[in-house]
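Asks: From these two lone chains plus the hints, build me the complex, please.
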Amino acid sequence: MAKTQTGAGQRALAPARTTNRFLRDFRINKYLYLMMIPVIAYYFIFHYAPMYGALIAFKEYSPMKGILGSDWVGLKHFHDFFNSYYFWRILKNTLVISFYSLIFEFPAPIILALLINEIRSKSFKRVAQTITYMPYFISLVVICGIITDFTNADGVINGLFTFFGYDGQAMLQKPELFRPIYILSEIWQRIGWESIIYIAALMSIDVEQYEAARMDGASRIKQMFYITLPGILPTISIMLILRMGNLLNVGFEKIILLYNPITYETADVISSFVYRKGLLEFGWSYSSAVGLFNSVINLFLLITANYVSRKVNKNSLW
Amino acid sequence: MKEQSSLFDKIFYAGIYVLLVFLIIVTLYPLLYVLFASFSDAGQLMVHKGILWRPLGISFDAYRSVLANSGILTGYRNTLFIVVAGLAVNLVMTALGAYVLSRKNVLWNNTFMLLILFTMFFNGGLIPMYLVVKGVGLLDSLWSTILPFSISTFNLIIMRTAFMGIPDSLEESAKIDGANHFTILFRIIIPLSMPVIAVMILYYAVDKWNGWFYASVFIRSRELYPLQLVLREILIANSTDSMSAGASAGDRQQIGETIKYATIMVATVPILCVYPFVQRFFVKGVMVGSVKG
Numbered sequence: 036m037a038k039t040q041t042g043a044g045q046r047a048l049a050p051a052r053t054t055n056r057f058l059r060d061f062r063i064n065k066y067l068y069l070m071m072i073p074v075i076a077y078y079f080i081f082h083y084a085p086m087y088g089a090l091i092a093f094k095e096y097s098p099m100k101g102i103l104g105s106d107w108v109g110l111k112h113f114h115d116f117f118n119s120y121y122f123w124r125i126l127k128n129t130l131v132i133s134f135y136s137l138i139f140e141f142p143a144p145i146i147l148a149l150l151i152n153e154i155r156s157k158s159f160k161r162v163a164q165t166i167t168y169m170p171y172f173i174s175l176v177v178i179c180g181i182i183t184d185f186t187n188a189d190g191v192i193n194g195l196f197t198f199f200g201y202d203g204q205a206m207l208q209k210p211e212l213f214r215p216i217y218i219l220s221e222i223w224q225r226i227g228w229e230s231i232i233y234i235a236a237l238m239s240i241d242v243e244q245y246e247a248a249r250m251d252g253a254s255r256i257k258q259m260f261y262i263t264l265p266g267i268l269p270t271i272s273i274m275l276i277l278r279m280g281n282l283l284n285v286g287f288e289k290i291i292l293l294y295n296p297i298t299y300e301t302a303d304v305i306s307s308f309v310y311r312k313g314l315l316e317f318g319w320s321y322s323s324a325v326g327l328f329n330s331v332i333n334l335f336l337l338i339t340a341n342y343v344s345r346k347v348n349k350n351s352l353w
Numbered sequence: 015m016k017e018q019s020s021l022f023d024k025i026f027y028a029g030i031y032v033l034l035v036f037l038i039i040v041t042l043y044p045l046l047y048v049l050f051a052s053f054s055d056a057g058q059l060m061v062h063k064g065i066l067w068r069p070l071g072i073s074f075d076a077y078r079s080v081l082a083n084s085g086i087l088t089g090y091r092n093t094l095f096i097v098v099a100g101l102a103v104n105l106v107m108t109a110l111g112a113y114v115l116s117r118k119n120v121l122w123n124n125t126f127m128l129l130i131l132f133t134m135f136f137n138g139g140l141i142p143m144y145l146v147v148k149g150v151g152l153l154d155s156l157w158s159t160i161l162p163f164s165i166s167t168f169n170l171i172i173m174r175t176a177f178m179g180i181p182d183s184l185e186e187s188a189k190i191d192g193a194n195h196f197t198i199l200f201r202i203i204i205p206l207s208m209p210v211i212a213v214m215i216l217y218y219a220v221d222k223w224n225g226w227f228y229a230s231v232f233i234r235s236r237e238l239y240p241l242q243l244v245l246r247e248i249l250i251a252n253s254t255d256s257m258s259a260g261a262s263a264g265d266r267q268q269i270g271e272t273i274k275y276a277t278i279m280v281a282t283v284p285i286l287c288v289y290p291f292v293q294r295f296f297v298k299g300v301m302v303g304s305v306k307g
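Taken in order, these protein sequences are the chains called A and B.
Here the first sequence stands for residues 36 to 353, where the numbers follow the numbering used here.
Here the second sequence stands for residues 15 to 307, where the numbers follow the numbering used here.
The following block holds chain B by itself, in its conformation from the complex (with noise of 0.2 Å):
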């Protein structure tokens, strides 16, 4: 009986093993192909039909062309500014707020709470958000994609219960010191929060970097065009002429192609190296805020 049920365990354990080997495969192969290509030569790669297995000769070209395009350049300067401004105003906005609903003796904080979770599950709609963006002037400026964002109410609340979690005592005996609130949140709570805090830059800088929607509503001029929507104009619409100006037609069309692969590979690269030194939070953020179970 006993050595029955090994058996079939040991079965079930090489199945488990080789269908968390494919998912590995079929995860990471996509983003292989587009490294193997972007590093291609772009008469190789139009050829090329199906799977590679490894860079269809090396060349460099692709990248410098993406570099020295200016649409790219002045994406990523935009792109800067709203993840650093961006989440600047996000982690002060949603430490304040999650502060605010984290002390349990203040009045109106119940009604207080409750406006703030009817937002999650009931909005307006596009149209008048638009307005409503339009109507406080911030319309074509990089600010519409931070200030109409700057509290995520997710994220607020997994940062209350942070907060919540912290011994009343600590405060009390920072009242009787005669700390008042702002000493309070500054100097005790969010250092105590510290991983928190980690957990929120990072879900904040994500979506921040990776953004592009509410650009493309509310922001018309080219020069304040963030990354994202400078890629969609090479990936979806597919015009890379800019960057391969110079080259015959036929040439552009096959550097084209090289140049989509690069463009990918300098916009996420960035992210994909900072994700590694963050991922050890990742468990713990959606711990801290995880529903109750």
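Pulled out of the complex, with its shape left as it was, chain A reads as follows (with noise of 0.2 Å):
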């Protein structure tokens, strides 16, 4: 509306003309702007002040003084933190733990999606989709005390692999089981949930391509990858993209409740060494700037990502 005032002739005034169009928008639509109130000050206050809260890592941070008042160290804490016996250790464990959940669960609810598609039965098919994403309801507390009890040393998994002659030891006790057991799990719980947008974005491939290809004489498994798979592509690159943006925000929270001191060589992820190194240790400032590295590295990861699926297949967030 505010658009079809401003006439070419009248640049020269353009200052005096922004103030008249925003006191003009805001008569007209006096209302909304209240209701942006809440939301800017939720964004505001949660969003953008921790922010510049995290300000901190640049400095030596204490209550008495504050955010402001307290002395600037500089790079000391990334400098303690590069520099320390943690550092490749968390580095580590991270990018294995998300290259893991990335090549053996990311592809997961894509199977699930295609297999539930090729299912006729109608009851069969809602069945299927109803058991699994039924995990996804089940809070991390619970599912964490149901691997804990299951990988129990006489736990029901020990219990099968007994069978098999295995003497049986508390899995969580050994640093080598922890990331098959975190991203089995993961892929337990969360298959069906996510299987959910692959399903709703085959649900729109025209029908006619398969009435087509079956005239042509595809077989199914040939319809599946010449016309299921490319009808998913799009789909699939968006979700790899947020993905990418959360490379190294591995669920911490599982990770929090599974591990303990013996599994840390493969357990201790950034996040998790954050929330020790700083809620349990109170080392604030340190664990600020080990956390802004993590966001750092996440944007970075997310906007290189975006660029590259833009160049490769024309498909971005952006």
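Worth flagging that the hints you see were computed from the coordinates, not collected in a lab.
Among the hints, erroneous ones may be present.
As the list claims (entries may be wrong) - With beta-carbon atoms standing in for the labels, derived distance ranges:
| # | chain 1 | residue 1 | chain 2 | residue 2 | range |
| --- | --- | --- | --- | --- | --- |
| 1 | B | GLY179 | A | ASN348 | 19 to 29 Å |
| 2 | B | LEU184 | A | ASN55 | 25 to 35 Å |
| 3 | B | LEU94 | A | LEU69 | 23 to 33 Å |
| 4 | A | ASN284 | B | LEU42 | 24 to 34 Å |
| 5 | A | LEU264 | B | PRO290 | 25 to 35 Å |
| 6 | A | LEU110 | B | SER183 | 52 to 62 Å |
| 7 | B | ASN124 | A | LEU334 | 15 to 25 Å |
| 8 | A | LEU69 | B | PRO69 | 56 to 66 Å |
| 9 | B | MET178 | A | MET99 | 43 to 53 Å |
| 10 | A | PHE122 | B | LEU184 | 51 to 61 Å |
What the hints assert, rightly or not - Derived, one-sided and incomplete: chain B residues facing chain A with beta-carbon distance under 8 Å:
| # | residue |
| --- | --- |
| 11 | LEU42 |
| 12 | ILE65 |
| 13 | THR282 |
| 14 | TYR289 |
Quick caveat, the model's predicted, so the values are computed rather than measured.
Think of the CB as a built atom: it goes at the ideal place given N, C-alpha and C, for glycine as much as any other residue.
Replies: Here you go:
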């Protein structure tokens, strides 16, 4: 509405015009501005203020002096972190766990969606979907409780393995088993839920394409590879970009619930380290520096993934 | 040629069914195990190893102990508060934000949108968040699990997309009749977006019901512990002692096992009961908010 008012000949008056436009807009939409207040306040307080608070990564934060009053120490905390024994360990663990989840967990829901799509029986389809997304609704605490219990020395999984002559030992006490347990349980919980988005994408594929393919004698497998898969490729690539942007945010809540000092060597990741150093050991500034390092790398990965995707298949978030 | 491909298709089909049935069993079995174990006799469960096909004996002792436990009960009450109050805050705030951002002829909206999107990909980190929550005086209050999470930006985008899909003409005619933005939002937009609202309720409610991490960071007082924190003590820290008080040490260890399973049931069944009813909205909700493809 406001746009039609700005004639080409009045460019010279731009600043005055802007104020005018703003006032006019404000008058028309005053309730809209009222609605914006709580939303802006929320984002300002709980999202932007912590970003400002991240400044303590460059300071020696003391609660007495506050964020502004604390002394600057420059890159000291980053320096300490990069030179510490933990740096390589948690960076490696974070990257390895993310990489495993990228190659094992990411494709799982896509495969499930493809399988469910091939099922003709409506009721079986429904049962399969209902059951596979059920675990998503179970809380992490309960899931981790079940995992702990099942992997116990006398738990179900060990009970199964004793058939094959495996001597029962608590699996969560073994560093080399932490990652498989983490990834497998992650797939177990999320496969159904994450397949929904692909199933939704599958539903929008044109049926005529399949009919045409059948006329040409394409088998079901061929139809799957040449029609279905390309049909959901854009969705897959968007999900992949989003995933890349969160690559380093591996599910630390679950790690915190499952790990213990014995498995730190394979289980401790950047965010669980931030949690431990910051909240349990009160190294606030140090921990913030580590957290900031994590956020910056994530942002960089997201931008890179988006750029690559735009170049490769013209699909991007922005 | 045609025959061959159809035989191949048959094998292909059989493979798919086998895989799916396997997946269903693997998904369901742990839950059935917990169900069976929770009704089992503590003594028999202790000596049992491996797979469980049915409850070993029938005993409700574990459920009795769980429901008599004051921690679980206050946990339930706190969680209910968090879910109800949280849901109200979430829905109002998300609807306001989504409405404002779905209007086309408002100044500054693009900037506003960018600033909001940015928060999805960059944040200040855990410690600065903790300091902010402390700074606004929410520490050790149930509101600390509600207000800092008033809007999930992802949900906001889903809702905005739904609002943008409502024809402008409806809004125009309401305006001519003298409606202001509040009337348009609450009388026209929201009633027309019920499926998406239902999905939002589900997403937010599950999140609130299952949330434990921020509660563990922000809440100190035991009487404010939500259910999941109480569960964490029982399941992860393995302390069922307070519930089996009065039993001898050996019995206590035995009943402790079944109490764990009964607790899982008590905490999980409510959410699993709701979900078949809302399930039909999932695909719809995801499609509304789905990334363009």
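Asks: Would you list, in rising numerical order, the hints stated earlier that this structure does not obey?
Replies: none
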